[in-house]
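S.K.: Each chain, letter by letter, is given below.
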Amino acid sequence: MSVIRALLLILAAAAAAAACVRAVRMLRDLPRRRLLALARETLCDAPGGTGISVLYRCDEERLRLPSLLDVGYACYEVVAVLDAARCPEVFATLESHYRLFRAAVPAACDLPVGTLRGLYRSRKRCFRRLVVVDRPCDTPAADLDAAAAVASYEYLLPVPAACRLVPGAVERLVAELSLRSHCHTVLIRSVAGVPAMLLSRDAVIVAGGFARKPWRHVPHRCRATLYAPLFRPAVRVRRRGLRRGAAVVLALSVAAAACAGWWVVCAVLLAVTAAWCAALLGAAASAAEGGPAVRSRFRVKNFTVS
Amino acid sequence: MMHDLALLCCAAEAALVVGLVAAAAVLRLRRGRRAQRDAALGRLYLRIVMHGLLTGMRRAPAFPRIGRTGARGVLAQVLARLASAAYGLDAGLLRRIVRTAELEPYLLRRIRRSGGVRRARYLSLLARLAPDAAVGAAVARYASDRSRSVRFAACLVQLAADPSQALRLLACWPEPLTAYELAAVASMLRRGMLPVAYEPLLASPHRNLRSLGLCIVRQFGIEEAEEALLRIAASDAVPEIGCEAVRTLCALQRPLCRSGVLRRLRSMGRAERRALLRCMAAEGYASDALPELFDRDERLCYESLVGSYKCELVCP
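Chains as they are written, first to last, in the working numbering: chain A, 1 to 306; chain B, 1 to 316.
In case anyone wonders, no lab produced these hints; they're calculated from the structure. Just so you know, even glycine gets a beta-carbon here, dropped at the ideal spot from N, CA and C. One or more of the hints may lead you astray.
[Claimed, not checked] Just the calculated beta-carbon pair ranges, DEER-fashion:
1) S235/B - A287/A: 51 to 57 Å
2) R221/A - M1/B: 39 to 45 Å
3) R263/B - D138/A: 40 to 46 Å
4) A15/B - W215/A: 31 to 37 Å
For reference, chain A alone in the conformation it holds in the complex (with noise of 0.2 Å):
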């Protein structure tokens, strides 16, 4: 009984540092937050020829894609997979509002792609930087390897499930590769908000695909971690009762383990709550300050491709 005891104090305790360590360095990204946000029209000019190819997997809703295209820096493009016989409205809407034109498919030359149907550009210049995959619907994974093998550029950064990029996230994950030019870096993870990752096409090619889960391969020392959020869920839902309610109830729980004298469970309680605490704090470091406050008036920018 004492081990056990023994061992959900220690955990208790290694889960209330890890909550403090993860805290202190989400406020410590705050003033890297506001220095890279200062050196924007820096970041502009795509410092090195850094390119990132956001890989989406297109599904019921069209509505994500003008919140990705809209993204004010130059090397960048979005590649949207989608299957357009087994959802043809919404393949029919983005042809015609993007006004896509049928290109040659790219022969496979790195990555296993499996049958691609087609390949479209938009003939809009506005929208150059959009590229739409037709393939027949697959896993997750096979979609990501058939994104990649059109991408144009060296980083992909695959769209989790029914999320959004928060703005100003392209030009922090670029600020960040090009303050690591020396370094060689292959993986950036963000921790803060919806886990993400932007991993380098080699990382992904030497994997063999996205479904050898190529994050597992990279040394340590071409990671690097992020705390600040890349993506926010689409669709936000407010939970203030639920979340008061909780907060009511653990505080309750912790309050009567006190006063029964069972420390060991209130040290477990107490634990599970700074955890909460440190999310809190995290959601209110991302929100805090650091992306660009002012958002462009015109939608879509005039890049090329290149």
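Given the structure of chain A, go ahead and fit chain B onto it with the hints provided.
M.R.: Same frame as chain A, now just chain B:
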């Protein structure tokens, strides 16, 4: 023993929870009140500065509430962003505003009192406000700071204060400049704060100066630098700079079937060659323009890449 440990753990965790809740509350409060106040003040100051610039005002305008806490910081940010985003501004008026609002002493004070990334941020603000030689001398001691971002921001202030020392300062920089740092120097250069003289940079024995020269050639699209680029691609001792010269030639859409480029291509890895092929396809090089050194697989891959940019006339 176990009881005491559990009590200790509870106490520490309770203190941590209180600290986290307090920090979250402070952040939310700052986000709510201070950010709104700063945003309103920033809009007001921007309007005043723009009015002064557009009407050709000779004297520095008055800024309301400039004595309040944080107001000088807001004005410094407004001026820095304006100077970064616009070209050909009346530098005289901006200097007068900086002098009248005592922004330089304010920023130097903040730089002295802060450290790390915050210090780098205040130094970056100062670098954008066209500082004079005295300010450049005042920040010289931060050139040996522990933090690389502070050292570089101090270097930027010195560059802005005395552009004639630009080559010496960049040549003295002990580490290879990152892409971000090169872009920061190039953006100063674009604002007219430094001279655009790429030739001595490309011929320089210092790696950082050659990198900056390549960055300038690429950003300004200087096609006259082709011979120098070919020389660097053929014989530069630093492989990264040689590859960068080839990519710069590609960005300038110059012919790549040249001996210098071929020599560099031989030493490039497979991934680098593929990346170059993708760059070439995006720049619109024809399949015939491929140098002979690419093998059959790479040629086929390139042809399909080029096809993926063109409209398919015959649909299956």
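S.K.: Holds or violated: the 51 to 57 Å window for the beta-carbon distance between S235/B and A287/A?
M.R.: At 52 Å between Cβs, range holds.
S.K.: Quick one: are R221/A and M1/B within 39 to 45 Å, going by C-beta?
M.R.: Hint holds: Cβ distance 42 Å, inside 39 to 45 Å.
S.K.: For the hint 31 to 37 Å, verify it against the beta carbon of A15/B and that of W215/A.
M.R.: holds, 36 Å
S.K.: In this structure, is the beta-carbon distance linking R263/B and D138/A contained in 40 to 46 Å?
M.R.: holds, 43 Å
The structure agrees with every numbered hint stated previously.
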